[in-house]
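Trainee: Spelled out, the chains give:
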Amino acid sequence: MINRRNFLTTVAVGTASAAALAACGTGGGTSAGETGSAENPVTINYTWWGNDDRAERTRKAIALFESKNPDIKVNGNFTDFAGYWQKRATEAAGGGLPDVMQWDLSYLRDYGQRNQLLDLGTVKINTDAFDKSLLPSGQIRGKTYGIPTSTNAFAVYYDPAKLATLGIAEPTGKWTYKEFNDFLTEVGTKSKSAIFGSTDYTGVWWMFNIWLRQNNIEAFTEDGKLGFTKDDMKKWWNQTAGLRGTPAIITEERVTQLAPKSPFGSNVTATEVTWDNFMAGYLADSGAKELKLVPVPSDDPDNLGLFLKPSMLMVASAKTKFKDAAARFIDFMVNDPEVGQIFKTSRGVPASKTQRDGTTFEGTDKLVVDYEKSIEQYLKEAPEPPIVGFGTLEASFKRVSSDLNYGKLTIDGAADAWFKEAEDLIKQNA
Amino acid sequence: MTQSPTLSRRSAPSASPLPRKSRQRGADARAGYTFLLPWLLGFIALTLGPMISSLYLSFTNYNLFDPPKWIGLDNYTTMFQDERFLQSVGVTVGYVVFGTPLKLAAALAVAMLLNSARKGQGFYRSAFYAPSLIGASVSIAIVWKAMFGDSGPVDQGLSLFGINIGGWVGNPSMTMPMFILLTVWQFGAPMVIFLAGLKQIPADLYEAASMDGAGPVRKFFNITWPMLSPVVFFNLLMETIHAFQIFSSAYIISNGEGGPAGSTLFYTLYLYLRGFSDFRMGYASAMAWLLLIVVGILTLVIFKTSKGWVHYSGDAK
Chain A
1 MINRRNFLTT VAVGTASAAA LAACGTGGGT SAGETGSAEN PVTINYTWWG NDDRAERTRK
61 AIALFESKNP DIKVNGNFTD FAGYWQKRAT EAAGGGLPDV MQWDLSYLRD YGQRNQLLDL
121 GTVKINTDAF DKSLLPSGQI RGKTYGIPTS TNAFAVYYDP AKLATLGIAE PTGKWTYKEF
181 NDFLTEVGTK SKSAIFGSTD YTGVWWMFNI WLRQNNIEAF TEDGKLGFTK DDMKKWWNQT
241 AGLRGTPAII TEERVTQLAP KSPFGSNVTA TEVTWDNFMA GYLADSGAKE LKLVPVPSDD
301 PDNLGLFLKP SMLMVASAKT KFKDAAARFI DFMVNDPEVG QIFKTSRGVP ASKTQRDGTT
361 FEGTDKLVVD YEKSIEQYLK EAPEPPIVGF GTLEASFKRV SSDLNYGKLT IDGAADAWFK
421 EAEDLIKQNA
Chain B
1 MTQSPTLSRR SAPSASPLPR KSRQRGADAR AGYTFLLPWL LGFIALTLGP MISSLYLSFT
61 NYNLFDPPKW IGLDNYTTMF QDERFLQSVG VTVGYVVFGT PLKLAAALAV AMLLNSARKG
121 QGFYRSAFYA PSLIGASVSI AIVWKAMFGD SGPVDQGLSL FGINIGGWVG NPSMTMPMFI
181 LLTVWQFGAP MVIFLAGLKQ IPADLYEAAS MDGAGPVRKF FNITWPMLSP VVFFNLLMET
241 IHAFQIFSSA YIISNGEGGP AGSTLFYTLY LYLRGFSDFR MGYASAMAWL LLIVVGILTL
301 VIFKTSKGWV HYSGDAK
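Those protein sequence lines, which keep their order, are chains A and B.
Position 399 of the first sequence, counted from 1, bears residue number 399 in this note's numbering, the numbering being contiguous throughout.
Position 182 of the second sequence, counted from 1, bears residue number 182 in this note's numbering, the numbering being contiguous throughout.
Okay, chain A solo, but in the shape it has when bound:
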């Protein structure tokens, strides 16, 4: 159990050992770092977030890597997403980040700009097979801090079987926000509230981001400020103002009760707006036979605001003693076709063409790949890594939206609350 005293102790011990480690951490800096041999292999630490399924796949990939690279041993470790970042923060403070880590775009600036991550441009990783428009999302000020493992895109999920029992036609994915809202209402009404249309999609940061792009607004400016106004935000939350509290949208009480499972995975909503690589998880959670993907709504049929985002990145610690080994492991994880066979689309669609072409996609994996192909003509450039502290902003966006659905905040009040936090945070990190 954690009480205040233990907590403070941890903080301070972390700080103290950071100082101690910083004192003895310098020296011994050849460019490749220490290398090993088959008789005397070096051991690198690798950490990732995910569920048991991903852990199993990762173990397989590590075993394969070790058999191909007898001079390197990989020590793997994983946690869930929320705990992951708290752990990294403490490790970074203590100077003990693992050598190689799975990373999220939201936190790339926090650590990259603060010199915690290795510039991967200084080591040998083959990026020839990558789409050139994708690589910048792992770069900050000309330095490469992360290599994307795979891509994901936003989509509307639906369960065809549920729609069939309600006698509702399957959507084509060419819809305006009004048509999408009407569809959600139809689900709620025809099912007599047994199934809700969806969760309130205005509470999803990335959907807001996509809507901004549909209106040709970038969420963040290049100098790390907000690119949209309070009015944009109010307009966005007003999209579903007429739906909150109706069967079109699930109540916030239910969402909270179901957490950490999603309402869609729990079979209480007919659709969900989120990343396409959640497919495997939703299938497992809901037990549905089949789930389908269509594009998100847009009031401009030529601009869907969609983009491919690195679903995750591979990064290395700036302090790693084994740069060469770390680089070889990253190269292997992003490029090797056999790794693609192990992960399929559970990390997203492989970003490297070598890996993608070497992977056979069947069943649901094929659905995800096909979806990303079907939206190719609408894709815009991936957004730059979001600003420092983005993880906090994303969380508070979700929280404020939730308060809005609880009726604790008005739309104006919600926008005020979020902007106050955002401005405070931007000032703090300036």
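Hints were generated in silico from the structure; no laboratory data involved.
Just so you know, even glycine gets a beta-carbon here, dropped at the ideal spot from N, CA and C.
Take the hints with a grain of salt, since some may be wrong.
As the list claims (entries may be wrong) - For each label pair, taking beta carbons as the anchor points, the in silico distance ranges come out as:
id, chain 1, residue 1, chain 2, residue 2, range
1, A, 420, B, 221, 51 to 59 Å
2, B, 45, A, 82, 26 to 34 Å
3, B, 219, A, 285, 57 to 65 Å
4, A, 423, B, 302, 37 to 45 Å
Unchecked claim - Okay, the calculated bits of chain B under chain A, using three or more residues with CB under 8 Å as the criterion:
id, stretch
5, 62-75
6, 167-174
7, 197-211
8, 277-288
Based on these hints, arrange chain B on the given structure of chain A.
Mentor: Quick look at chain B alone, frame taken from chain A:
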């Protein structure tokens, strides 16, 4: 969490005034400090040192990565313009004010039930004490969350009586009662101390009162309560401090977010989020110190008022 029941002045061990040579006393002291050393080192390295460094950090802007930047009292002053901070204060104060007295009342009631000499009393005492041993654990918080969730046992039980309020976990106005029930259920530790206190009340007082025709209510207010007041005082102090520190159950039941609608955003949870999710360690340290100061003042206040209602036997009153 261990609370040693050294309570009344009566039970303090009387120092034996054996005359000793001063040299031997010096050797004793050295031996004493030697035995104390492991604890002392631990205290300085793991408690005092960290506390001092957190005091320093509370005056800085520190994000874990860059060196701390001195900003004076800024953290302390901005706190009072931070709505989430004020919300967390409200939630915590509500919990302490309602949870602590209820918990103590439950503990005292059960202690009085268990005080009578009856067959199998040992078993009942252990059974009633057990929840407080496991109460703070992660697993209980998970069980609690399931019990009070949608169509959980509580929801279903209540609907048998025609009360349909749905799950408590997702309902902002029901989460506080849920947490108070959780703390009341963990009455074991104060109960054991009450029980020890009850055992010390001389039986002849009750006998005399009975002969004078006093009923159970009269006996409680005129004998039990005054005789027990030092123990009540101790329990009140410990449980108040303890209540301010609620963290793990809130963290687990709200998935570490303090939801729904901020209704479980306890002070320590917000402190933790500020430090480890928002990387604002300076702010978090300032919050920790403010909590320490407030709890300190509150303890002082309870001590001051205790003169009016706590009676030590042997006092000329």
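Trainee: Has the stretch 197-211 of chain B got at least three residues whose CB is nearer than 8 Å to a CB belonging to chain A?
Mentor: Result for this restraint: violated, n = 0.
Trainee: Check the following: the C-beta atoms of residue 45 of chain B and residue 82 of chain A are separated by a distance inside 26 to 34 Å.
Mentor: Given about 31 Å between the Cβ atoms, the range holds.
Trainee: Starting from the range 37 to 45 Å, see whether the pair residue 423 of chain A and residue 302 of chain B falls in it by beta-carbon distance.
Mentor: For residue 423 of chain A and residue 302 of chain B the Cβ distance comes to about 41 Å; the hint holds.
Trainee: Take the stretch 62-75 of chain B, compare each residue's beta carbon with every beta carbon of chain A, and decide whether three or more fall closer than 8 Å.
Mentor: It holds, with 4 qualifying residues against the three required.
Trainee: May I ask you to test the hint 57 to 65 Å on the CB atoms belonging to residue 219 of chain B and residue 285 of chain A?
Mentor: Distance hint for residue 219 of chain B, residue 285 of chain A holds at roughly 60 Å.
Trainee: Confirm or reject the claim that residue 420 of chain A and residue 221 of chain B have a C-beta distance inside 51 to 59 Å.
Mentor: At 52 Å between Cβs, range holds.
Trainee: Apply the coverage criterion to the stretch 167-174 of chain B and chain A: a residue qualifies when its Cβ sits closer than 8 Å to a Cβ of the chain, and three qualifying residues are needed.
Mentor: holds (count 5)
Trainee: Between the stretch 277-288 of chain B and chain A, are there enough contacts, at least three residues with CB-CB distance under 8 Å, for the coverage claim to hold?
Mentor: holds (count 8)
Of the numbered hints given earlier, the model fails hint 7 alone.
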